[in-house]
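> Below, each chain spelled out in residue letters.
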Amino acid sequence: MTFREASERAVLVEFASPWESEIHADRVERIHRLVALLDRAQLAGIQELTPAYNSLLVEYDPSQLSCRDLIEHILFCAETIVEIGLTAHPKIEIPVFYGGDYGPDLLWCAERLGMTVSEMVEAHCDAVYRVAFFGFLPGFAYLSGWPAKWSLPRLDSPRTKVPAGSVALAGTQAGIYPMDSPGGWRVLGRTPLSMIEPGKVPFARLELGATIRFYPSSPSAW
Amino acid sequence: MVKVVDPGMLSTIQDLPRFGLARFGLSEAGAMAPESFREANWLAGNDQELPSIEVTMKAPRLLFLAPAIIGLGGADFGWRLDGKVTPRGEGFSVRAGAMLQGEYCRQGLRGYIAFGGGLAVKRWYGSAATQVQAQMGGQVLRKGDELSWIGGTAARRCQETFAGPAYRGSYKILRVVEGPHPELFGPEAFALLTAGLYRITEKSTRTAVRLEGLAIPCPAEPMVSAGAWYGAIQVPPSGIPQILGPDHPATGGYPIVGSVIAADFEVMGQLRPREEVRLGRVSRETARQLWKRQQDWWSAR
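Protein chains in written order, with our numbering: chain A, 1 to 222; chain B, 1001 to 1301.
Check the hints yourself; a few may be wrong.
Think about it this way: if two alpha-carbon atoms lie no more than 20 Å apart in a straight line, the pair counts; the simulated EDC-like pairs of lysine to aspartate or glutamate are [said to hold, decoys possible]:
#1 B:Lys1003 / B:Glu1146
#2 A:Lys149 / A:Glu22
#3 B:Lys1292 / A:Glu5
#4 B:Lys1292 / A:Asp61
#5 B:Lys1292 / A:Asp69
Interface residues of chain A toward chain B, partial, derived using beta-carbon atoms under 8 Å [what the hints assert, rightly or not]:
#6 Ser7
#7 Pro18
#8 Glu20
#9 Ser21
#10 Gln47
#11 Leu49
#12 Thr50
#13 Tyr53
#14 Leu57
#15 Pro62
#16 Phe134
#17 Pro138
#18 Pro198
#19 Phe203
#20 Ala204
Treat the hints as calculated values from the structure; they're not laboratory data.
These figures come from a predicted structure and were not determined experimentally.
Glycine is no exception: its CB is placed at the ideal position from the N, C-alpha and C atoms.
Work out the full structure: start from the sequences and follow the hints.
As structure tokens, then:
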């Protein structure tokens, strides 16, 4: 664990170098545990926690908390990181309408990986995904779990509008667009479930550490 | 109640920031000129910052359907109440049937209309702030919207005029501290960043203040996404830095060379397109003292 002062009011806790692009499930798990521990301790002055693959950003109010005390507190929490029992992560099943207008890149991805379309759908549904962190858009979860041997490149030029609910892959990451947005990921299909419900608590359907599975469905079932 | 006759260019409900949702990908939002937001609330007689209207570039036109106490803070929009120029530096009462309007702002970019007791709007996760980029929380005002307020007791008048630093000089200064990875950029990067003038572009929003000027040599190797923050100065592959605002993406992959200090968020929020700004280096310790001084100044009032 390395501490870097990111600004006069933020500390970046790094669990690996900022270039380390390989995703390690145990590292992601440790970051989630640190978030849970800091939540539990409720130290006054901590304002925001932003986890990512390799790091946790901790923002604080320097008029309430010194940087040194904050780092000491994080170290103290980290000592018990392996002991903490996390509340069970939810398992969430996501229906997907694969291909056609819903999944304009399904055929391309299947061909690229030397699969038939139904093999591609099967592979996508067989993988077990975990929510690593959120970003890009509110409610957009970066899902790890797509096998590295099937890593897929992003589009050469991003689409100006990817519809809400689009289920997509990029590299070894999976994701679901929570709202209409520009985007460069390969879209395999679309889910009728909404990923965000503005105004509600919690507003996001997914959460850190949740296990995600996809299953094929059709619009007539909805 | 107050009726929005014309929303102006971009008028939104703002409040203190909504922390705690970055882990779901939503940044804090909140007033982008936080000192002006405080000023408006103080003038309206509020002892703390309460939900108010943030006005950008062009004034809205508001018809009051009931009497109110209001405070106007921030940029000079040439406010008029029923055609008469409103007093500067004091809160005032508005009678039912009065029309508040203004023009394009002359100096600065953002102003606030605060109401005695604050706007009666739904708080979501503890704040009524609008995250404009995501259209979540709060409200972007549209023609015909009606807003009500809680109701306050008495307006205030200020002896010393606030709004000093944001309007001084032919160019403005934003003080910056070094970022988390100085070794990534090499020793010249920060010197370059603080050497010349940067011009604010028209593409600036609450998500990011976009600049034109000297390119910063940018690390070639792509970085893994990490948490981003309000004030962070990102360097995209073009080398032209951009400064994240309160509606920033929660995480990002661009390297961060430094940060505008929180004590200068007011100055940053008042920068107009085509205006020039200089970035000046301070230590993190100085930045914290400046922040504390700003907090103390307000608590002493």
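> Now, for every hint given, state plainly whether the structure supports it.
Right, here's what the structure says about each hint:
no. : hint                  : in the structure
1   : B:Lys1003 / B:Glu1146 : 5 Å, holds
2   : A:Lys149 / A:Glu22    : 13 Å, holds
3   : B:Lys1292 / A:Glu5    : 18 Å, holds
4   : B:Lys1292 / A:Asp61   : 10 Å, holds
5   : B:Lys1292 / A:Asp69   : 17 Å, holds
6   : Ser7                  : 4 Å, holds
7   : Pro18                 : 5 Å, holds
8   : Glu20                 : 6 Å, holds
9   : Ser21                 : 6 Å, holds
10  : Gln47                 : 5 Å, holds
11  : Leu49                 : 6 Å, holds
12  : Thr50                 : 3 Å, holds
13  : Tyr53                 : 5 Å, holds
14  : Leu57                 : 3 Å, holds
15  : Pro62                 : 4 Å, holds
16  : Phe134                : 3 Å, holds
17  : Pro138                : 4 Å, holds
18  : Pro198                : 5 Å, holds
19  : Phe203                : 7 Å, holds
20  : Ala204                : 4 Å, holds
Of the numbered hints given earlier, the model fails none.
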